[in-house]
Amino acid sequence: AQSVSQHNHHVILSEAASLELGCNYSYGGTVNLFWYVQYPGQHLQLLLKYFSGDPLVKGIKGFEAEFIKSKFSFNLRKPSVQWSDTAEYFCAVTSTSGTYKYIFGTGTRLKVLA
Amino acid sequence: NAGVTQTPKFQVLKTGQSMTLQCAQDMNHEYMSWYRQDPGMGLRLIHYSVGAGITDQGEVPNGYNVSRSTTEDFPLRLLSAAPSQTSVYFCATSGTGREQFFGPGTRLTVL
Chain L
1 AQSVSQHNHH VILSEAASLE LGCNYSYGGT VNLFWYVQYP GQHLQLLLKY
51 FSGDPLVKGI KGFEAEFIKS KFSFNLRKPS VQWSDTAEYF CAVTSTSGTY
101 KYIFGTGTRL KVLA
Chain P
115 NAGVTQTPKF QVLKTGQSMT LQCAQDMNHE YMSWYRQDPG MGLRLIHYSV
165 GAGITDQGEV PNGYNVSRST TEDFPLRLLS AAPSQTSVYF CATSGTGREQ
215 FFGPGTRLTV L
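Residue numbers (the working numbering), protein chains in the order written: chain L, 1 to 114; chain P, 115 to 225.
These aren't lab readings, by the way, just hints derived from the structure by calculation.
Fair warning: there could be bad hints in the mix.
[To be verified] Computed list of chain P residues with no C-beta within reach of chain L, every gap over 10 Å:
id, residue
1, G130
2, M133
3, L159
4, G167
5, G172
6, V174
7, T184
8, A196
9, S198
10, T200
11, R212
12, Q214
[What the hints assert, rightly or not] Derived DSSO-like pairs (lysine-lysine); straight-line CA-CA distance at most 30 Å:
id, chain 1, residue 1, chain 2, residue 2
13, L, K49, P, K123
14, L, K61, L, K111
15, L, K61, P, K123
16, P, K128, L, K61
17, L, K111, P, K128
18, L, K101, L, K69
19, L, K71, L, K61
20, L, K69, L, K49
We put the beta carbon where it would ideally sit given N, CA and C, even for glycine.
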């Protein structure tokens with residue numbers, strides 16, 4: 001079955017701490033991978049995406065993610081978080097061909113303490 | 115460009131009532147989808163469409179209907195509302211880039 005697992009449901013960090021959020025997927029075939037962010041009271045917006053090529057992708061606001069094909073993982077990282085990074089983060093996967101059917105993870109709620 | 119718009123922003127229904135959530139886009143995207151977001155469950159796909167006249171079911175389609183008569187519009191119909199349908203509903207579109215663009219959401223409460 002197609003699925004996306006995000007291991008951390010709630011994460012609390014102090015400002016300047018490093019962040020790593022886990023994401024593992026189960027999806028047949030070649031995939032496109034995404035991280036979306038949802039700030040409080042807002043809709044989801046794209047942080048970064050992986051389609052092909054360099055497995056280390058950089059996104060907005062200093063975020064990056066690494067695709068490790070052998071581990072079916074796409075972990076999100078940021079070296080130094082800010083209070084404004086407080087949000088919910090969603091990992092998502094879709095196929096590179098055929099329908100655009102997305103599968104989302106359950107989300108990780110990040111709280112950054114000032 | 116408005117992007118993806120949804121109406122209404124908030125709605126309260128009584129059990130058994132029907133209603134339609136509207137979604138419109140001006141991005142000329144072929145792919146549109148409806149999700150519901152519930153605490154601890156992420157986003158779950160209700161229905162999606164890969165173009166006008168073509169729709170398909172997602173993970174949680176029961177109790178919902180969709181149609182896609184134009185590229186721009188993708189309404190979601192609740193046939194007979196139930197308290198279990200209390201949720202936040204998001205419409206999203208995607209073009210060839212496969213990135214999804216989300217609307218602002220509709221917060222629905224069913225009493």
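Status of each hint after checking the structure:
1. G130: Holds: least Cβ distance 29 Å, greater than 10 Å.
2. M133: Fine: 21 Å to the nearest Cβ keeps M133 (chain P) off the interface.
3. L159: Non-interface label fails for L159 (chain P): nearest chain L Cβ at 7 Å, not farther than 10 Å.
4. G167: Answer for G167 (chain P): holds, closest chain L Cβ roughly 15 Å.
5. G172: Nearest chain L Cβ is 7 Å from G172 (chain P), so the label is violated.
6. V174: Non-interface label stands for V174 (chain P): nearest chain L Cβ at 12 Å, farther than 10 Å.
7. T184: holds, 18 Å
8. A196: holds, 23 Å
9. S198: holds, 18 Å
10. T200: holds, 18 Å
11. R212: violated, 6 Å
12. Q214: Violated: least Cβ distance 6 Å, not greater than 10 Å.
13. L:K49 <-> P:K123: holds, 29 Å
14. L:K61 <-> L:K111: holds, 16 Å
15. L:K61 <-> P:K123: Roughly 29 Å separates the two Cα atoms, so the pair holds.
16. P:K128 <-> L:K61: Violated, at about 43 Å.
17. L:K111 <-> P:K128: violated, 35 Å
18. L:K101 <-> L:K69: Distance of about 20 Å is within 30 Å: holds.
19. L:K71 <-> L:K61: Holds: K71 (chain L) and K61 (chain L) sit about 26 Å apart, inside 30 Å.
20. L:K69 <-> L:K49: holds, 15 Å
Checked against the numbered hints given earlier, the structure breaks hints 3, 5, 11, 12, 16 and 17 and satisfies all the rest.
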